[in-house]
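Q: Spelled out from the first residue to the last, the chains are:
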Amino acid sequence: MCGIVGLFLKNDEMRPKLGDMLTDMLITMTDRGPDSAGIAIYGDEDDGRVKITIQSDTPDEAFAGLEAEVAQAAGAPVEVKVLDTHAVLTLPGEAETAVIDALIDKGLRIMGVGASMEIFKEVGLPQDVAARFDLRNMGGSHGIGHTRMATESAVTTMGAHPFSTAPDQCLVHNGSLSNHNQMRRKLARKGVMTQSENDTEVGAAYISSRIAEGATLGEALEGTIKDLDGFFTFVTGTKNGFGVVRDPIACKPAVMAETDDYVAFASEYRALVDLPNIEAAKVWEPEPATVYFWER
Amino acid sequence: MTTTLDMTTTELREVNTTLQAAAKSQANEAYVITNPRGSHAMACGLDGPLTVTIKGSTGYYCAGMNKKAAITVEGSAGPGVAENMMSGIVTIEGDASQYAGATGHGGLLNIKGNASSRCGISMKGIDIVVHGSIGHMSAFMAQKGNLVVLGDAGDALGDSLYEARLFVRGNVKSLGADCVEKEMRPEHFELLKDLLEKAGADARPDEFKRYGSARQLYHFNIDNADAY
Chain P
-4 MCGIVGLFLK NDEMRPKLGD MLTDMLITMT DRGPDSAGIA IYGDEDDGRV KITIQSDTPD
56 EAFAGLEAEV AQAAGAPVEV KVLDTHAVLT LPGEAETAVI DALIDKGLRI MGVGASMEIF
116 KEVGLPQDVA ARFDLRNMGG SHGIGHTRMA TESAVTTMGA HPFSTAPDQC LVHNGSLSNH
176 NQMRRKLARK GVMTQSENDT EVGAAYISSR IAEGATLGEA LEGTIKDLDG FFTFVTGTKN
236 GFGVVRDPIA CKPAVMAETD DYVAFASEYR ALVDLPNIEA AKVWEPEPAT VYFWER
Chain R
620 MTTTLDMTTT ELREVNTTLQ AAAKSQANEA YVITNPRGSH AMACGLDGPL TVTIKGSTGY
680 YCAGMNKKAA ITVEGSAGPG VAENMMSGIV TIEGDASQYA GATGHGGLLN IKGNASSRCG
740 ISMKGIDIVV HGSIGHMSAF MAQKGNLVVL GDAGDALGDS LYEARLFVRG NVKSLGADCV
800 EKEMRPEHFE LLKDLLEKAG ADARPDEFKR YGSARQLYHF NIDNADAY
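Residue numbers (the working numbering), protein chains in the order written: chain P, -4 to 291; chain R, 620 to 847.
Derived from the structure by calculation, the hints contain no laboratory data.
Certain hints may be false.
To be verified - Some chain P residues flagged as far from chain R (calculated, every beta-carbon gap over 10 Å):
id, residue
1, E74
2, T85
3, P162
4, V268
5, E280
To be verified - In silico DSS-like pairs for lysine-lysine, Cα to Cα no more than 27 Å straight-line:
id, chain 1, residue 1, chain 2, residue 2
6, P, K221, P, K247
7, R, K743, P, K247
8, R, K674, P, K277
9, R, K792, P, K277
Every residue, glycine too, gets a C-beta built ideally from N, C-alpha and C.
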């Protein structure tokens, strides 16, 4: 199964409430995915600075003294915000590569990198995962979340969604891809590496590699219909927006709602019922093999 | 007498138990369900005359296995609405998600909006009227009954169809294997007129085309052996 939620705000006044709304949506989708949960949230950008979200299974040890170590690698002060097993480092953009190398040397997992994106995901029930990261109090312009019922790879932190395979890009998926091993090899030949055995990560890497080759988000999503085999409802996030695409068979559910204030996506309508003014929203089921995206 | 059940204070299981008992009592009562909040499996398995009005949208499998009850959803319905319906009337004021009316044996499923993919899949005698359009693979392996669509039909309409009749007013994107257009004979005009009236649909029978089975897939054909 798996549950997906997404929220893209058109009304900036609602930004402080983004985490609160997404958390409720995510918890409602617990029945569809009780194994693990995750969220990618696009918050404020700080000019020229980049955010790196990292994870450790032993955060007390791993994050102790981290600020000084990464500052040394960066050659500049680095802000470290620890949230349970994750930490978000904010640093000057030019120090990104040096800091990532230092983090990998320390055995830390890189969950995502971007000007505005932060990613939090863990094994456990969505409400517990949300509480551990205090998702409810996060603000931002848009975010996507996922509750996982695992099929294609193990129930681990690294197997949880969202998957990020390029700066500020992430993907969540309901379904299963059948040609992911073949596609993983194809991407590897082009130098695009994945970190896990998971099928969705390959989908994310495919989209990122298409965008890196010059495709627009819309073109990259179109490409998934042709190049990826299997069942999928994808929701993808970028710095400026989010997109939705379903495979041509479209057996994985999807419902969308749009008002003047927001565009929302969910696997089921249940996850949308508490959104403001939902009664007046335009609610529809996205068509199969059709790309939808919203950008600011 | 109308009884109102508010789902902000009444659990789904209690709502269904209450409705099922009321249907069984044969008292032909009326129930209104408020705040359904997209719940799954609402008003399922009703076995007797009962009027149920759901004030809002529902989740998966609303009105499944319905017998004799008249159920109206004043909103949209999630996947599998009126699945395996036996008799009665189910009305959806909004849209219906995939496989609406699947495997239905009888009764009328009246969808005022659009229905998505696989509408009427494996239908076995149900009548389905969709005032809007339907998605791909609708009436797949449909065996009996009537599917009436005032709008358009998606890809592969009536694939591997048996004896169900399909009436479409708008465009059909493509016909599935063994589904062909057929002539409208007087009995079809009569049938369609009756169904459109029952569904309160604003359309004339002469605006529709009929599609049905070419009956070429019923039996194994030795000439097709190479295809296997």
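Q: With a cut-off of 27 Å on the C-alpha distance, tell me whether K221 (chain P) and K247 (chain P) pass.
A: 18 Å, holds
Q: If we take the beta carbon of V268 (chain P), is the closest beta carbon in chain R still more than 10 Å away?
A: Its Cβ does come within 10 Å of chain R, the nearest being 5 Å, so this is violated.
Q: K743 (chain R) and K247 (chain P): Cα distance at most 27 Å?
A: Measuring from Cα to Cα gives roughly 25 Å; hence the hint holds.
Q: Can you confirm whether the C-alpha distance between K792 (chain R) and K277 (chain P) stays at or below 27 Å?
A: 25 Å, holds
Q: Confirm or reject: P162 (chain P) is not an interface residue toward chain R, with every Cβ-Cβ distance exceeding 10 Å.
A: Holds: least Cβ distance 36 Å, greater than 10 Å.
Q: Check the non-interface label on T85 (chain P): least C-beta distance to chain R beyond 10 Å or not.
A: With a cut-off of 10 Å, T85 (chain P) remains clear of chain R, as the shortest Cβ separation is near 39 Å.
Q: Just checking, E280 (chain P) versus chain R, shortest CB gap more than 10 Å?
A: Incorrect as stated: the minimum Cβ-Cβ distance to chain R is 5 Å, not above 10 Å.
Q: Would you assess whether E74 (chain P), listed as outside the interface, keeps its beta-carbon beyond 10 Å of every beta-carbon in chain R?
A: It holds; E74 (chain P) is separated from chain R by about 41 Å at its closest Cβ, greater than 10 Å.
Q: Decide if the proposed pair is consistent with the structure: K674 (chain R) and K277 (chain P), CA atoms, cutoff 27 Å inclusive.
A: 17 Å, holds
Consistency with the previously given hints fails for numbers 4 and 5, ordered from lowest to highest.
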